[in-house]
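S.K.: As a plain string of letters, each chain reads:
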Amino acid sequence: MPYSADALKIYLVLGLSSGAAGGLAVMLIPGARRRLRNMITLLFAASGAVFSWLTALSVFAGKGTRIGFVSGDLEWSLDPDPLGAVFGLIASTLWMFATVYSFGYMAEKSGQRVYYSFFLFSLSAAVGVAFAGNLVTLYLFYELLTLATYPLVIHERTPEAAAAGTKYIMYNLSGAGAILIAIIITYRYAGDPGFTGGPVLAGVNSPMLGWLLVMYIVGFGVKAALMPLHRWLPAAMVAPTPVSALLHAVAVVYAGVFGVIRVVYSVFGRGLAGQLGISRVLPWVAASTILAGVIVALRQDVLKRRLAYQTVSHLSYILLGAFTLQPWGLAGAMMQMITYPFMKMTLFFCAGIIARQTGETRISRMGGVGRKLPWTMAAFTAAALGMTGMLPLSTFWGKYYLMKGSVAGGMWPFALVLAASGLINAACFIPVVVQAFRGDKTPSCKEKGGSMALMFAPAAALVVIALVTGLVPGIVWPGAEAVTDWFFG
Amino acid sequence: MTAVIADNLPAFVIIVPLFAGVVLPVFARRQRLVEGLVVLAEAAGLAGVGFLAYIVFTHRGTDWVYQMGGWPAPWGIELTVNSLAVFFLFAVMAVSLPIALFTMGNLKDEVGSNKRTARFYTLFLLLVGSLAGMALANDLFNTYVLVEVATLSCCGLVSSRGTPRAAEAAFTYLVLATLASSLVVIGIGFIYVTTGHLNMGFASQGLAQAWQDRPHVVWLAISFVLVGFGLKSALFPLHVWLPDAHSSAPSPASAVLSGLAVKGYMICLLKFLYVVFGPALMKEFSVDRILVLAGMAAIICGAVMALPQDDLKRRLAFSTVSQVGYIYLGFGLMDENGLAGALFYLASHAAIKSTLFLSAGAMIASAGKKKISEMAGIGRKMPLTAAAFTAASLGLIGIPMFSGFIGKWYLIAGSLDTGDFLPTVIIIAGSVLCAAYLFPVIRAMWFETPQKAKQESTVQQECKTAVQHAAEHMPAGPGVPREVRVKDPGAAQKLALILLTAVIFVLGVVPGPFIELARSAAAELLMLR
Amino acid sequence: MKTLLEKLIVNYPYFFAMVLFSIGVMTVLTRSNLFKKLLGINIMGSAGYILFIAAGNIRGGTDPILHQSDPGTVYVNPLPSALMLTGIVVSVSVTAFALSLIIRLYKEYGTTDARRIARMRNEVTKSDSSDRG
Amino acid sequence: MIKKLLVLLIVLATAWVGLLAIAELPPYGMPDNPVHNQVSERYINDALEETRAMNMVTAIVLDYRAYDTMFETIVLFTAALAVVITLKTDKKELGDGEEEGGR
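Chains Z, W, L and A supply the protein sequences, listed in that same order. Going by our numbering, the first residue of the first sequence is number 1, and it counts up by one from there. Going by our numbering, the first residue of the second sequence is number 490, and it counts up by one from there. Going by our numbering, the first residue of the third sequence is number 1019, and it counts up by one from there. Going by our numbering, the first residue of the fourth sequence is number 1152, and it counts up by one from there.
So that you can see chain Z by itself, here it is in the shape it has in the complex (with noise of 0.2 Å):
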């Protein structure tokens, strides 16, 4: 593969702009045209794909490239490191999924123009987000994220879906502003010294420190969805499934975990972070969002919010792997980040399914279901177990870093938490999957259809791709080491 430095610039380019450049040429096609406008978001979601791996792969090979713009006082940067590799494939990858699943799930809805342009215009902001070389830049793909996702959340167009908007964008602008303090207090310290120097405050010594990690982890705590901050996920379930599944369990959700980690490792780094006693605190505050995330999503009739409020909790494991400081940690946050989307997404996918199918949202009215969509249900059934950390399934690998790293870490309770977590999740979805299969009403309805074949595609390819690298965690082991050596090595 040519990695010549004028190449690696290219990818990284490209791997950006295809999303926007693919957005502004889906607005620009008549709403009638809709085949073309299906092969246009393809054709740019998969280039977008195509060019991050191959950055992402260069990163992983040991060769960065670098892209640099000066404003005034501030620099605005690309420089793509491990963590923002894995983060930049993870999004691209999955994009293409969704798209595909977008498809079918909104063959016959109204303003797909609109949400196809701006599904786009999110992935290139994603990608920015994990390839940012500063914290400026960071920053600012962070905002464009949150404004190109809004239209997606309100597509429905009802007063709930506007109130959720709302609450989305205050929500997400509120931790942006505490970033944005932070930012700045972070320049007056140490200036701009970018990503892959090593920390940025590496040996800045105040007594503001601590305060400005509660700035950034309350800041990108929003977007991660932390617990007390996490109000908007819920409520911004109001938007198509595709959106819910891709943005609110994966893209916009992993902007606020990567930011975390980004700021525990690369900001103030390893050592200047043991201080802080981040490994005494933060760890507690991931695993009790753990328990309640899910013990709230127990408690869940709507499917799509159950899955909503398991996202919190799950997002919390990659923080708690992140906040041990522990090189298994992070490596089993690693694994978790790269091997749960593709479970995640294959419920989220499964739930459209059933709703378009069906019209059910609701849990307690779903029985039979599993009888007129086996398939369906079959994959709803694996990615549950996924959920709970079973061996043939990629997600038990991520728990099984996680567990060591706090075992390492000489903290043995988190362990403890992991599993307890797994057995509620177990509550969580099982009795889901047998009423499916044991209710006895039987709604029409039917597994068939083109619009079918292109939604359940995609989930059965993640359930497929789950199954492969549970088996043979090989193929996803260099990401999770990649970064670990990044920042341990």
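If you are wondering where the hints come from, they were derived from the structure by calculation, not from laboratory data. Take the hints with a grain of salt, since some may be wrong.
Unchecked claim - These stretches of chain L come out as covered by chain W in the derived footprint (C-beta under 8 Å, 3 or more residues): (1) 1023-1031; (2) 1050-1059; (3) 1076-1084; (4) 1116-1129.
We treat Cβ as the ideally placed atom computed from N, Cα and C, and that holds for glycine.
Starting from the structure of chain Z, add chains W, L and A where the hints point.
M.R.: Quick look at chains W, L and A alone, frame taken from chain Z:
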């Protein structure tokens, strides 16, 4: 000829718009010529400012003092060309040129016949000229006279709409603005009595010696000047006149009032406080604390008052109250970063608020509706206008790559410099609230479908019957009501909106030279140099 | 207190300027009749003139016009007079404009009372919205 | 009523400070006040040679501070225009404007 202009450039920048304004009514019947002259005068002003900026940049550190009529300082009137003046002149010219462009061929709907538009243009140019004068003037009484020119032309612009509502708003504005002028003139009187000078530099020296003997006089002078200019520039508890005046004026007038006129008074106040009284006296009388407190109150209260407004222009007017708070906050920080941020924010807000008012005006004019709830789906029909509105909104909220972000960045940096954390939080809270009152507009424009086909159809029917009626009873001609078509305005308007949006982007993406200019202005004001 | 009083008596023109100013502000802010507001503005303006002119005066000085004078003449300071000429013109302009606005409002509403005008205007807008809704 | 009282209170407070300030002002009508400095001296002594005006006020208004006077005329001009734009509304245009405002 060029040499004469180059030597008298500071006066030239003031005189050209004023003279063009005075000449305009002569050509009142020839619409094209009038419009051409206005744009020409603006362009000449902008070119002059560009040259002034070049001079300031090449002779850094020394002010160009221009003596009007050739009389030296304490006897005659002085103009000072320094970074602050050039910065504000740039803002004035770069924003008023697109506004003038926007008005081309577009004013009759809101103002009236050819003659009336010519008068409107005259008032507009007089306002621009007086603002340019405020930037340069280095004489207390001269500043007062310029402020009066600006006040009268502002009130005239508000009243030019011709509606009783506008006349009422103009009267309130005139009364309060004149009260403010009286406060200012009495403040100037106190300064004159204690120092015997009207030149800002000499008065400042005099005050530095005299204030300890006469603390109450200086205190009274400061507070009169502060309240006077605060009233004119709608500092929070004194903003009562602004929403009515700015929302009932014709849209281009709203743009220039909200975008520039308010800023002119702020620059005057800035010069009075920093140049005449000086940073030391400001600290002594804790003017800085008052400015910061009032600014914070303005940010929050203005935004909260903007939230429930359904009339689009009123919402924008209240937003001005809130945004003015940011600038005052920066003025009060007494810090290089904060002051530079405030100046940058001032320029940025001038461009942004003008864009907002102009695009809102275009939408109101073509849709015939002025409530936000009635604007549903207008973005599809007027994409460029709505896009300009959206870009400006994002700038106002402070999204990176737009000008507002840079201003907020330096404001936050400045308030962190002073070690006070509360203003920082208020700045952020203000931009979140700003999103709260602007996002519903954006949502309505782009993402909502026009409501209630039924109402629409009855209106259409009424129109139809009216047209039929007219056709039956009248020969076809200009009297027949034209068909209402909602679409983007004409080429000149589009160009104006594009130019203003470009200014917002340029300030946001390459703020380098502008922030440098603002910073050197701040350093001058704080006497760091 | 006594010294304060003495000083005030010495500075009596300034004192009257202050009194006029207070009366003017009260009139502008509390009267709802538009004419009275306008009068208040003019009273405030007069306060400004008195302040300036008093500042320029010298007890026993003559007006600043060169007569075939003996060299010992003390002239008062001419600058405040010059400034106040400008000030008076400004005041006249403001008064003219305000009067024209009052005429405009009177034609429309048939009253010069600010409160009544506001009430009538609110009724108009209310009926407007009810028509629409 | 409350508003009136509030205004009265503010005005009284201001007036009180004003009185304190007035007491501090240089005594009225004294020739050594700061106002009678080199500025007025030059106006008084040199006006005739420099401007050829017998009346020093004229000299200031028309020469030393002529730019103030220029702006003063512009103020007058502005006010005249504002009066015209307020009062001279041709009937048809006004009707249009009102309808627009009312809707």
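S.K.: Evaluate each hint against the coordinates.
M.R.: Here is how each hint holds up against the structure:
1. 1023-1031: That given contact is violated, which follows from only 0 residues of the region 1023-1031 of chain L lying within Cβ reach (below 8 Å) of chain W.
2. 1050-1059: This one holds; 4 residues, not fewer than the three required, reach chain W with a Cβ under 8 Å.
3. 1076-1084: violated (count 0)
4. 1116-1129: Holds: 7 residues of the region 1116-1129 of chain L have a Cβ under 8 Å from chain W.
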